[in-house]
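Student: Here's the letter readout for the chains.
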Amino acid sequence: MSQLLITNARPYGEDTVDVLVTDGVVETVAAGQSAPEGAEVLDARGAVLLPGFVDLHVHLREPGGEESETIETGSQAAALGGFTAVFAMPNTDPVADSDVVVEHVWRRGAELGLVDVHPVGAVTVGLGGERLAELGTMADSRAGVRMFSDDGRCVNDPLIMRRALEYASALDVVIAQHAEDHRLTGGAQAHEGAVAARLGLAGWPATAEETVVARDCALAREARARLHVCHISTARTIDVLRAAKAQGVQVSAEVTPHHLLLTDSRLSGYDPVNKVNPPLRTAEDTRAMREALAEGVIDVVATDHAPHAAQYKDTEWQAAKPGMLGLQTALSVLIETMVEPGLLDWHGVARVLSERPAEIGRLPDQGRPVAEGEPGTFALVDPDAVWTVRGANLASKAANTPYEGMRLPGSVVATVLRGRITAQDGKVVR
Amino acid sequence: MRHLLSAADLDAGEATALLDTSDRLREALLGREVRKLPTLRGRTVVTMFYENSTRTRVSFEIAGKWMSADTINVSASGSSVSKGESLRDTALTLSSMGADCVVVRHPASGAAHRLAHWGGTGPSAGGAGIDTGGATTGTPTAIVNAGDGTHEHPTQALLDAATLRDRLGGIAGRRIAIVGDVLHSRVARSNVLLLATLGAEVVLVAPPTLLPTGVDTWPCRVSYELDAELPAVDAVMMLRVQAERMHGGFFPSAREYAVRFGLSEDRAALLREGAVVLHPGPMVRGMEIAPAVADAPNSAVLAQVRNGVHVRMAVLYHLLAGAPE
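Just so you know, the protein sequences line up as chains A and H, in that order.
Heads up: the first sequence is residues 1 to 430, going by our numbering.
Heads up: the second sequence is residues 1001 to 1325, going by our numbering.
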């Protein structure tokens, strides 16, 4: 029997209690508990206790991109960021479009044991957008895939998307769409608007996202399928989602921390650390994202953690790969943009970072309430801490954080996965 | 002025000083048997061209040579660039070898900004130019943007301004139309910025498909009707229609473009007396501009090329020797 007593914790920022976890399950939530013999004790020192975070959108780069990230370094970053489950996107080399590759990713994550690594399967073979991958085989594999996406590419062909949604509806899996009409974004380098016009960067129009989301909502309604929209970035996409949800379409959506905080005003120096897909947009868009997240039109925050080694970023803008680190800064950005302005309380944080993502990804043992009989899977948060982001100090192999040098609020005191501490005081616990 | 990356780097005073220097250099060279000034003797100017451009490259090379700088040309093909070396490594290598100034033409917008960001140190002022592992010695290598993607081409704007100043006697208060593929034009971006800085009234004339979203934030006006604008302008600048950048159907046909936006003889007749015609070259005669218009007395096309050398001499002079008091 293994026991962990977390003392002086404040579930959802409320009254201080002690939480006893026995063999991965919460046994007692009560103040003033004494540690049973042999129990490990974690003094939370008044930290906010939340269910462990679930990230529906990360790139762990393994297999094939190990110069930028591995499942090991990505798992470390996840644990340090308060995450207890992550969904690893399939745009690896080879692409995760078969049971062989998804089982490899799943097994490697389980061996490390720092965070539950759930592979996302490709919707189409090789992310080619032409032929459906073996969704059923991947769903039935040991990896138990519950989310499919061609992320990085859009399932652009409406017929393929329709078939994918229809087929998925029988498996209770979700299709996560990277909404970008590639016909409208050929060569695109930056949000189409005043900044791109001045900098001479080919524009990525907001309409390339909005039209695909509108189309997919219509297809999902007809297919009675579950649709998840990755990294939404424009104010009008929110209007489309709101209307679809009002009509009962089973659609969910995520926003990244960087689309909550950063705008295309950062592009002036052409530093590709700010290059990401979809691109950073305007202050009007970030404001709309925050409001829609508070309102619930946007369901979850997902990082789109996308490590890139220096040689892919320290280049001219158009040669650089799009993507930013996100796992270790997500909570802080959420506190900065949502909690401190009063748009979300700690229950809200639990909702967008843990409960809803676990529902969408069909994880029965994640995103659960802090209560007796529930999994002992937590993130402990010190909301009063302030820290300065240094890419070199982050656990990821790459250092491409757009928040370099920025002072951000809130830190993860500890992360607990089924009663086992995976990270504590900024260090990974093995 | 440490670098010249954008026309926006120049305020009215600096821009005017450059144009004045350009005029003085032209006068200094006038009638000389040996067209060489000693101003930049011992300085090294490297032109690094990742795109073909005979006129801009030769213009910079002549500018450097007439000022006695050692000018060295590096082209992307046949160098380590074609072997996959990164822009950063190429730039740092050149500057470590002793370039005081790197003039760069690159297909990526912002390439010159990146070079300036990466730094690199020329040898002359500080002596050694030794790589001290990040710490810089000597003066930073000056970067001149000779055209970066669809962003800017500031020396083109300066030579256009020099030409307009000659022909119109000044720039402030003059109305200048810029016509054509604004969307893909670095010449247009630099000209809008510089001409606005110098007090001109700029109007862009193009079909909506060749104007960038966000153009409404630029210091200029936009029009779709060339015929409506021509009678009131002091100068009209025809842009090159960059066929190689036309991925999609920005306009239905070359014929329709020529009819609606080409500077035909009939259309040129709408210009008032003394109005100047400019074109940055190379010209597509017939489509953008009628041959007779390009060669007419009010065409300043060759004057632009001539002024290009003097303006680039002035830029190198201000960057490497400092602006004269």
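These are computed hints drawn from the structure, not numbers from a lab.
The structure presented is a predicted model; accordingly, all values stated were derived computationally and were not measured.
Don't take every hint at face value.
The list that follows gives simulated cross-link-like pairs (lysine to aspartate or glutamate, DMTMM-like), each with its CA atoms no further than 25 Å apart [stated by the list, open to error]:
1) A:Lys427 - A:Glu336
2) A:Lys321 - H:Glu1085
3) H:Lys1036 - H:Asp1166
4) A:Lys321 - H:Asp1166
5) A:Lys321 - A:Asp271
6) A:Lys245 - A:Glu291
7) A:Lys321 - A:Asp93
8) A:Lys245 - A:Asp140
9) A:Lys321 - H:Glu1051
Derived CB-CB ranges, DEER-like [stated by the list, open to error]:
10) A:Asp181 - H:Pro1282: 32 to 40 Å
11) A:Pro341 - H:Gly1119: 36 to 44 Å
12) H:Tyr1224 - A:Pro364: 53 to 61 Å
13) A:Arg390 - H:Asp1089: 49 to 57 Å
14) A:Ala385 - H:Pro1324: 35 to 43 Å
15) A:Val429 - H:Gly1119: 12 to 20 Å
16) H:Glu1085 - A:Ala294: 46 to 54 Å
17) H:Val1222 - A:Thr207: 18 to 26 Å
18) H:Glu1085 - A:Val125: 30 to 38 Å
19) H:His1117 - A:Val386: 24 to 32 Å
20) A:Ala294 - H:Glu1051: 44 to 52 Å
Where is the CB? At the ideal position from N, CA and C, for every residue including glycine.
Student: For every hint, state whether the structure bears it out.
Tutor: Structure-based check of each hint:
Distance hint between A:Lys427 and A:Glu336 is fulfilled; the C-alpha atoms sit about 23 Å from each other, no more than 25 Å. Of the pairs offered as hints, the one joining A:Lys321 and H:Glu1085 holds, with about 17 Å between alpha carbons and a cut-off of 25 Å not exceeded. Distance restraint check for H:Lys1036 and H:Asp1166: the Cα-Cα separation of roughly 23 Å lies within the 25 Å cut-off, and the hinted pair is therefore satisfied. A threshold of 25 Å between alpha carbons decides the hint, and for A:Lys321 with H:Asp1166 the separation of about 46 Å lies outside it, so the pair is violated.
Restraint check for A:Lys321 and A:Asp271: the C-alpha separation of about 12 Å stays at or below 25 Å, so the hint holds. With a CA separation close to 16 Å, the supplied pair A:Lys245 and A:Glu291 stays within the 25 Å bound. Among the hinted pairs, A:Lys321 with A:Asp93 is consistent with the structure: their alpha-carbon atoms are about 16 Å apart, no more than 25 Å. At roughly 30 Å between alpha-carbon atoms, A:Lys245 and A:Asp140 are farther apart than 25 Å, so this suggested pair is violated.
Between A:Lys321 and H:Glu1051, the direct Cα distance comes to roughly 22 Å. Compliance with the 25 Å bound is thereby established for this hinted pair. Take A:Asp181 and H:Pro1282: their Cβ atoms lie about 35 Å apart, and the range 32 to 40 Å holds. About 39 Å separates the C-beta atoms of A:Pro341 and H:Gly1119, a value consistent with the hinted range of 36 to 44 Å. A hinted range of 53 to 61 Å holds for the C-beta pair H:Tyr1224 and A:Pro364, which are about 60 Å apart.
A:Arg390 and H:Asp1089 have their C-beta atoms about 25 Å apart, which leaves the hinted 49 to 57 Å range violated. Distance hint check: the CB atoms of A:Ala385 and H:Pro1324 are about 55 Å apart, inconsistent with the given range 35 to 43 Å. Checked against the hint of 12 to 20 Å, the pair A:Val429 and H:Gly1119 fails, with Cβ atoms roughly 41 Å apart. For the pair H:Glu1085 and A:Ala294, the beta carbons lie near 49 Å from each other, so the given range of 46 to 54 Å is met.
Remark: the range hint 18 to 26 Å for H:Val1222 to A:Thr207 is upheld by a beta-carbon distance near 21 Å. As the Cβ distance of H:Glu1085 to A:Val125 is approximately 36 Å, the hint placing it in 30 to 38 Å holds. In this structure the hint that H:His1117 and A:Val386 lie 24 to 32 Å apart at CB holds, the actual value being about 29 Å. A hinted range of 44 to 52 Å for the beta carbons of A:Ala294 and H:Glu1051 is consistent with their spacing of about 48 Å.
Violated hints, listed in ascending order, are 4, 8, 13, 14, 15; each of the other numbered hints is respected by the structure.
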